[in-house]
Amino acid sequence: MCEFDTVERSSTSADRPLIMSYVLDFSFMAEKWPAFVAGAWLTIQLTVVSISLGFVVGTVCGLVRVYGHPLLRRLVGFYVEIIRNTPLLVQIFIVYFGLSSLGLKLSAEVSAIIALVVNMGAYTTEIMRAGIQSISRTQMEAADCLGLNRLQTIIHVVLLPAMERVYPALTSQFVLLMLASSITSQISAEELTATANLVQSDTYRSFEVYIVVAVVYLALSALYRLAFWAIGLVLFARRRRLGTALQ
805 MCEFDTVERS STSADRPLIM SYVLDFSFMA EKWPAFVAGA WLTIQLTVVS
855 ISLGFVVGTV CGLVRVYGHP LLRRLVGFYV EIIRNTPLLV QIFIVYFGLS
905 SLGLKLSAEV SAIIALVVNM GAYTTEIMRA GIQSISRTQM EAADCLGLNR
955 LQTIIHVVLL PAMERVYPAL TSQFVLLMLA SSITSQISAE ELTATANLVQ
1005 SDTYRSFEVY IVVAVVYLAL SALYRLAFWA IGLVLFARRR RLGTALQ
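Residue numbers for the sequence shown follow the numbering used here, beginning at 805 and rising by one.
Hints are not guaranteed to be accurate.
Derived DEER-like restraints, expressed as beta-carbon distance ranges [said to hold, decoys possible]: (1) 902 with 842: 24 to 32 Å; (2) 973 with 1018: 37 to 45 Å; (3) 879 with 1018: 36 to 44 Å.
Note that these hints are calculated values from the structure, not bench results. Note that the coordinates shown come from a computational prediction; the quantities given were computed from them, not determined experimentally. Idealized CB from N, CA, C, for every residue including glycine.
Using the sequences plus the hints, can you model the full thing?
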């Protein structure tokens, strides 16, 4: 427990100091910690699913933007521009309230995942497109000379080297998505921020509650970065052999 005191003297009554104090009190955590654990766990579930599906969507769209039919390239470009130039909160509202208005009622968690996947897919598309375009065309010609089919060329000659080059940008975007998932509290998805809102309304200790939430998000960010670093070591063995593994 920490105490902050400030003393101010009134200009009209110099002998009567006005004492303003605030005492930090985290005693509510003894009772509320299971709620924070449940909220953090739902945040992890939402973001792991969204990151996985969003990466698949973004990779496919990135390939389409580079190698696809001109019409498909334009459609993907239209999707990317719409998502990247509208707020995530608006996208979540469109999915949650819009689909409900059309008669398709989804839970807050499912709606959150759909919106996060669509958002993640657009940003991943541009990141992967940059990586794919960095692969020299001569490497694909060499793959043809070696007898690799189109799928083998895409996977081994294009996608893995491309992902290796943009992996730091991808991991940063994934962590940003985890932090942005706090917005889903606006549609009552009971993730970490929504849990914090409920706890502070019960305890009236807003300052302490959001300090706890900030610490939990910092821990989650560190956990995600560690996990992606470990995944990078497994996926990109060449970097590991060269001593240039992702930091």
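Checked hints:
The hinted window of 24 to 32 Å between residue 902 and residue 842 holds, with their beta carbons roughly 28 Å apart. Here the CB-CB span from residue 973 to residue 1018 is close to 25 Å, at odds with the stated 37 to 45 Å. A C-beta distance of roughly 40 Å is found between residue 879 and residue 1018, which places it inside the suggested range of 36 to 44 Å.
In this structure, the one hint that does not hold is number 2.
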